[in-house]
Every structure is written in structure tokens, then in C-alpha cells.
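Starting from the given sequences, assemble the full structure and let the hints guide the process.
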Amino acid sequence: MSIATGAIRGLQEVARDPGSWWRRSKGSVELWANLIVLGWALVFMLWRGGGFAITVGSVFAIWAVLAVSLNLVVGYTGLLSVGHIGFFGIGAYAMAVLTSSASYEQLRTEAIPTFGWPFFAALPISVVLAGLVALVVGVAFNRFRDDIYVLVSFGFAVIAFTTFLSWRNLTRGAFGIHQVARPAIGPLVFDGELEFLALLLVFLGLVVLISWLIVTSSFGRVLTAIREDEEAIEVFGYRTTHYKLAIWVISAMMAGLAGALLASWSTFIDPNSFVLLESVLLVSIVILGGLASIWGSLLGALAFVMLEEGMRFVPFLPSEFIGQIRQMILGILLVLLMLFRPQGLVGRFKL
Amino acid sequence: MSLAQLSGFMLGSLLRLREHQSRLLATALAVAVVAYIGWKIVQSPDQALQFAFNGLAVGAVYALLAMGFTLVYSTVWFFDLYYGAAAAIGAYGVFYLRSHDVLGGQYAVNSGPVNVLFAVVTAGVAAWALHVLLYRRLLRRVSPKALLVVGGLLATAIGVYTGLVLANPAELHLVLSPLVALLVAGVAYWGLGHAYRQLVDSTGRRPIAAIAAAAIVLGAFVAVLVANTPSLGLYLSWGVACLLSGTVSLALYRGLYVTMRERANSPLIMLVASLGILLAITAFITIVFRSAPRPLPDTFGSEPWTIGGANIKGFNVFAIGLALAGFSILLFMVKKTAFGKAVRAIGDDEEVAKVVGINTTVIIAIVFFIGAVYAALAGLVSGHDTAIQPRMGLLLLLKGWIASVVGGIGSLYGAIVGGFALGMLEQFGIWDLAGEWRDVISFIVLIVFLSFWPQGLIPRK
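So the protein sequences, as listed, match chains C and U. Heads up: the first sequence begins at 1 in this note's numbering, then just goes up one per residue. Heads up: the second sequence begins at 1 in this note's numbering, then just goes up one per residue.
Simulated from the structure, these hints should not be mistaken for lab results. Check each hint, because a few of them may be wrong.
As the list claims (entries may be wrong) - Residues from chain U shown here face chain C by an in silico Cβ test under 8 Å; the list is partial:
#1 Phe79
#2 Leu130
#3 Ala264
#4 Ser266
#5 Gly276
#6 Ala387
#7 Arg391
#8 Leu398
#9 Phe443
#10 Leu450
Glycine included, each C-beta is placed from N, C-alpha and C at the ideal position.
Set out below in C-alpha cells:
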């Protein structure tokens with residue numbers, strides 16, 4: 001654990017010479033970013049109390065899973081994918097269609113099939129489905145690079161969104177799907193918000209652990225080498241296409257997991273959660289937090305969620321503008337980051 | 001690792017298509033598409049004509065977008081995503097100036113802060129433009145202090161004038177008539193002088209006083225004419241919207257892109273930064289105008305014409321004409337003028353262009369301005385054709401981007417051909433599907449083109 005050893009070494013040094021900590025870190029953007037975001041989150045939680053913390057924590061956990069998964073692609077292969085929201089949506093819709101128990105006979109829309117599966121049976125299906133779609137998409141996209149990759153990944157997001165909106169026999173289009181199942185293990189039903197938050201955090205921990213194992217393994221080192229110089233690593237006999245495809249599929253499966261969790265958490269989904277702009281926001285979270293850094297993605301997701309929640313308490317700010325102002329702030333932040341800190345707050349890789 | 005190997009075994013053959021296999025696949029695909037469209041045409045020619053007309057109408061917008069996009073791209077070599085916001089600014093600029101005219105004015109928007117913001121931006125851009133264009137030249141004759149004062153006053157005046165125009169949308173024909181007079185007089189002065197050289201006397205001195213007097217009279221006449229024609233308001237608002245979009249583009253170029261390109265000239269960094277700008281401007285537009293779709297006021301030619309059993313709106317014919325005219329103008333500028341030579345030189349190698357004495361900053365600024373004007377035109381044409389909404393910018397941007405890739409990136413002929421081809425393919429593609437799948441079709445077209453014809457229909461030479 002590089003973070004833990006780093007922290008211990010840092011503490012030892014501070015114990016030896018108390019002034020050194022301040023001298024060394026007052027100019028460090030990383031430290032201040034960490035302090036400000038974490039402190040802000042902590043103050044808010046303490047001020048608003050438990051219920052608020054549970055809601056914010058759940059939203060944060062879902063965004064964090066998404067951000068960590070996208071960072072595996074953007075940070076470790078250098079391919080700027082703007083279409084990740086598509087996999088998120090595939091996971092969510094798979095979960096919703098498979099577990100929804102609502103009968104739509106009363107409503108004036110076409111009946112969609114209801115399966116009524118339990119959560120834990122549908123979860124692997126939605127994850128694997130996202131992975132399979134990613135496999136096909138990855139094969140189709142494997143020859144694209146840089147800015148053309150951005151364009152085609154925009155395309156994937158648009159195609160996914162249109163499918164969610166227009167394949168009405170399966171997704172009920174703009175009406176959305178209600179009564180998505182909450183997870184249950186035998187008699188233990190994750191019905192309350194607190195239990196669900198615990199489950200979300202477990203999954204977040206799992207995703208972070210897997211990502212950490214990947215990026216510290218030899219597999220991760222090959223990926224880093226691909227990012228730095230793809231032709232050079234090809235010369236050494238690595239099939240870079242396969243590595244990129246593998247990490248792409250893994251990342252998409254994580255995004256699918258995030259989608260499934262979202263569907264179950266909110267028990268209702270409609271295509272509006274998967275529009276192109278959300279995808280762009282996700283990319284800006286990852287870049288804001290820092291590329292090629294798992295902690296950066298967590299921090300970026302936290303900053304993003306706290307930005308929205310924090311703005312709810314700004315006086316004279318109409319609530320309908322919150323989303324727009326957040327988008328504006330993120331846009332301006334992206335510009336500033338590209339100007340002054342292209343690696344993001346705590347990142348290790350510049351675009 | 002094992003997953004990588006597994007996927008490798010399963011898909012290895014797909015990933016490493018041989019050159020001739022890929023070409024065979026592409027040819028088969030092209031034949032299939034042509035056969036499908038041909039079969040459709042034979043099946044119901046009337047309907048096919050209708051889809052072709054729709055395709056041309058949509059294609060005109062895409063062609064306009066692709067032309068500006070490709071011009072900017074082939075000069076600075078990064079994808080400027082502000083372009084989508086420029087289209088949205090064009091459409092919403094028209095709406096802002098004509099909102100009292102739309103649906104009885106129930107969505108009328110005119111906010112002081114927005115006017116002030118644009119006034120400040122325009123004043124800044126004007127100050128920069130004056131500085132770049134005139135400061136050095138005049139420095140020999142006039143003292144720098146006097147220049148600064150006069151230039152500052154002039155820029156402030158331009159800013160205040162912009163604010164006035166935006167604050168009085170109902171009297172656009174009155175407020176803008178001095179500007180029109182100035183423009184007409186300027187063009188007339190240049191044109192008359194040129195004609196005198198060509199037709200009367202090519203060596204001696206021109207009768208400057210007489211030419212200037214004629215130009216001023218002509219300008220005044222046109223100004224009076226404009227001031228007495230309130231119905232010109234809509235068309236004047238088109239001009240203002242295009243200028244505003246261009247001004248914002250210049251402000252971004254000077255305020256941001258110049259610095260960024262000096263720091264790190266990486267296409268991906270520029271792309272992400274311009275994505276941030278697109279996000280911010282889209283949010284700004286949503287805050288000012290709300291997210292619901294809005295109509296633009298009626299213009300000429302909203303009555304459909306019937307040609308051979310199919311309908312096309314007069315406005316769409318105008319849009320197609322606009323696209324062709326825009327193409328001709330751009331082609332003339334790039335191929336025949338000194339400006340075009342400079343643009344191509346910068347596109348080939350910016351450093352060398354700078355060394356041989358091309359003022360790259362000014363030329364690139366003009367390119368950004370022209371690009372934003374084309375985007376704004378496309379935005380307002382598509383707005384008049386359907387409706388406007390804040391997120392239209394991103395979609396129009398993507399369509400323009402796709403059209404320029406399909407046509408051949410960096411090639412002007414490719415841009416117009418790609419635009420119309422994309423429009424046609426989109427419309428024929430949704431024949432058997434619902435209209436909401438058209439974005440999907442255009443992206444599938446894009447991916448097919450990138451996979452099999454990455455250089456596009458008409459590659460850049």
C-alpha cells in the first residue's frame with residue numbers, strides 16, 4: 001500500500017522535524033486539493049446531519065465507481081472515452097428490466113416483459129452484458145486514436161441513449177421503468193438507505209481494490225507503457241490491442257455495475273440519466289480528480305457531488321439553475337485545469 | 001491477463017483484418033447500401049424524392065457546419081468544440097433579438113446583464129483588433145498616448161453600440177442603420193475605386209473626393225431605406241447573431257487559445273479545454289433561455305412547394321443556396337486570395353509560416369471568426385427549420401464533425417460533399433425506422449467510414 005507507507009514515512013518525518021511538513025507542502029496542489037475537498041465534505045456532513053450524509057454518500061459511491069472505471073481507460077491507455085455513460089446505462093437497464101415487478105397494464109403504454117428476478121441474480125447479468133457490449137464496441141473502435149476516438153466514443157453514447165429512448169418494447173422509452181428491486185440476501189433486505197449505503201460502499205471498495213490490483217500488476221505496467229509509447233511496447237512483443245481491449249471491457253463491466261446499483265438505489269430509471277452531457281460531466285470528473293490515479297477519481301467524484309450539494313445552500317440561487325451552474329463551473333474548471341494543471345488535481349499523467 | 005488472452009483468441013482474426021479483406025468488406029457494404037437505396041427508389045419514387053429533398057435540406061446545414069469546422073481544423077489542427085456553442089449562439093442570438101416576435105412575445109427575453117456582458121466582450125475584442133491591426137502602423141505618425149486614448153474610446157464606443165443594439169431588439173432597423181450605412185459606404189468606396197482603376201484610368205490618381213462623396217451618398221441612401229423598413233429586423237438579426245458568435249470566438253481565441261497553444265500544443269488538451277467552454281456556454285444559454293425548445297419567428301418560404309409529388313419548403317431551398325454560396329465564397333478565399341495562401345501555409349507548418357513573415361495571430365483569428373460565422377449560420381438555419389434548444393450545440397457540432405470526417409478531413413470540397421452525403425444517408429436510413437434514430441445512423445455512417453475509408457470521400461491533397 002503505497003499510500004499507507006507514504007503516510008507512515010511522512011508522519012515519521014514530521015515527528016522528527018515539525019516545521020518540515022509545512023515547508024514542504026504549502027506549495028503542493030495535491031495536498032490542498034485533498035484538504036479542501038475532504039474538509040468541505042466533512043463540514044457539510046456534520047452540519048447537515050446523518051440523513052444528508054447517507055444520501056450524499058450513496059450518490060458519491062455511484063459516481064465514484066463510474067469515475068474509477070473510466071479512469072482505468074483514460075488514465076492507463078490514454079484513450080479519452082466520452083461514451084462511458086452508455087455502459088452505465090446498459091447496466092442500469094439490464095437491472096431494471098430483469099428485476100422490475102411493476103405491472104404496466106394500467107398505464108397507457110405498451111406492456112414490457114417483467115421478469116421479477118432478485119437483485120443478486122440480475123447483477124451478474126447486467127455486468128456481463130455491459131462487458132459483452134464493450135467487447136463488440138472495443139473491437140470496432142480498436143483502430144482509432146486521440147481525437148477521432150473522442151468522436152466515435154461520443155457516437156457510442158448517442159447510440160446508447162437513442163436505444164434507451166426509442167426501444168420502447170424493452171425500456172418503455174421516456175416513461176422509464178419503476179419498481180426496480182432492492183437487493184436482498186435471504187431474510188436480509190437492503191431496504192433502508194443506510195443499509196444500501198453500506199452495500200454501495202462495499203461495492204465501491206471492491207471496485208477500488210480490483211482497480212488497484214490491476215494498476216499495480218504487470219498488466220497495469222504494460223498499460224502504462226502503452227499510454228506512454230504504444231509502438232515501443234509493441235516492439236517488445238506485446239499485443240497492445242488485446243491489452244487495451246481487456247481493460248476497456250473490465251472498465252465497462254465496472255460501469256455496468258455502477259448502473260445496476262443506480263437502478264436499484266433509485267428504484268426508477270429513465271433515459272434522462274444517460275444523456276450525452278452526463279457523460280461529458282463524468283469525463284470532467286475524471287480529469288478534475290486526476291488521470292491515472294484511483295484516489296484522484298474518488299476525490300473528483302466527491303468534489304462533484306459536494307459541488308452540487310453545496311450549491312443548494314447558496315442563498316438567492318434558484319434551485320432549477322443548480323445543475324446548470326454546476327455544469328458551468330465544471331466547464332470553467334476544465335479550461336483552467338488544461339491551462340495550469342493538465343494532470344488534474346492529484347493525477348500523474350498529462351493528456 | 002487471462003482475459004486478455006481469451007479475448008485475443010476469440011477476436012484475433014477480427015482485429016487483424018488483412019488489407020484486401022477490409023476492402024472487400026467495404027465494397028460489399030457500399031454495394032448493399034446502394035442496392036437498398038435503389039430498391040427503395042424503385043419501390044416508391046415519390047417517397048424517395050421526398051426523402052431526397054429532406055436529405056438536401058438537412059445536408060445544407062451539415063455542409064455549412066462542416067465547411068467552417070474543416071477550415072478551422074485544417075489551420076490549427078485541433079478539433080475546436082467551441083464550434084457547437086457558436087452554432088447555438090447563432091440560433092439563440094436570433095431568438096434573443098426576435099423573441100418579442102415569437103408566439104406573441106410570451107417567451108420574450110432581454111436581460112441587462114447579458115447585454116452588458118456582450119458589450120464588454122465586444123469592446124475587448126474591438127480593442128484587441130484595433131491594437132493588432134492599426135497600432136504599429138500609426139505609431140510612427142501619432143504619439144502612443146493619443147493612440148491609446150483614441151483606440152480605447154473607439155473600442156468603448158463599439159461596446160456601447162453593441163449593448164444598445166442588444167437592448168433594443170424591436171428597433172433593430174433603426175439602431176443598425178448607421179452600421180449598415182458605414183458598411184455600404186466602405187464597400188462602395190472600395191468597389192468604386194477598384195472599378196475606376198479597371199475601367200477608366202489605371203495609372204493616374206483616383207478622384208478620391210468624388211468617389212468618397214458617391215460612397216457616402218449611397219451609404220446614407222441605404223441607411224434611410226433600412227431605417228424605414230421594420231420588416232428587415234429578422235435579417236438584420238441574422239447578421240448580428242453571426243457577428244456575435246464570431247466575436248465570442250475571437251475573444252476565446254485571444255483570451256485562451258493563444259496562451260494555451262504556447263504552453264502545450266497538444267490536440268487533446270485543446271480539445272478538452274474547448275469541451276469545457278462548450279459545457280459552460282451551453283449552461284449559460286440554458287440559464288438565460290431555459291432548457292425547453294423554442295421556435296424561431298416565421299421567415300419567408302415556410303409554405304411548402306410541390307415538385308414532382310414531393311414537398312420542399314422555400315426556406316430549405318434558400319438554405320441549400322446559402323450552403324452553395326458559402327462554399328463558393330470560402331473556396332474563393334482559400335484558393336484565390338493572399339489570405340487563403342497564408343491559411344494554407346499555416347496549415348502546412350505554422351512555425352515556418354511565422355518565419356516567412358505571415359502574421360499568424362491575425363490570420364488564425366480571422367479563420368476562427370469565419371468558422372464561427374459559418375457555425376452560427378448553420379445554427380440559425382436549423383433553428384428556423386425546426387426549433388432551438390440549448391443542447392442543439394453539441395449535436396450540431398457532432399454532425400459537422402462527422403460530415404467533415406466523412407467528406408475527408410481538412411478538405412473543403414470534402415466538407416460540402418460530406419455534408420450533403422451525410423444528410424442524404426441519414427434521411428434514407430430512417431426510411432424504415434422512426435425519425436429518432438437519425439443520430440444513430442449518422443454515427444454508424446461515421447464508424448463505417450472511419451473503419452474502411454479513413455481518408456474520407458475527397459481526401460485533402
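Cross-check of the supplied hints:
Satisfaction of the interface hint for Phe79 (chain U) is found here, the shortest Cβ-Cβ separation to chain C being roughly 5 Å, below the 8 Å cut-off. Hint status for Leu130 (chain U) relative to chain C: violated, with the closest Cβ pair at about 26 Å, above 8 Å. The closest approach between the C-beta of Ala264 (chain U) and any C-beta of chain C is roughly 7 Å, which is under the 8 Å cut-off, so the hint is satisfied. For Ser266 (chain U), the interface hint holds, the least distance from its beta-carbon to any beta-carbon of chain C being 7 Å, beneath 8 Å.
A distance limit of 8 Å between C-beta atoms decides the matter here; for Gly276 (chain U) the minimum to chain C is near 3 Å, and the interface restraint holds. This hint is violated: Ala387 (chain U) has a C-beta 18 Å from the nearest C-beta of chain C, more than the 8 Å allowed. Satisfaction of the interface hint for Arg391 (chain U) is found here, the shortest Cβ-Cβ separation to chain C being roughly 7 Å, below the 8 Å cut-off. The interface hint given for Leu398 (chain U) holds, since its Cβ lies 6 Å from the closest Cβ of chain C, which is under the 8 Å cut-off.
Hint on Phe443 (chain U) holds. Least Cβ distance to chain C is approximately 3 Å, under the 8 Å limit. A distance limit of 8 Å between C-beta atoms decides the matter here; for Leu450 (chain U) the minimum to chain C is near 6 Å, and the interface restraint holds.
Comparing the model with each numbered hint stated earlier shows that hints 2, 6 do not hold.
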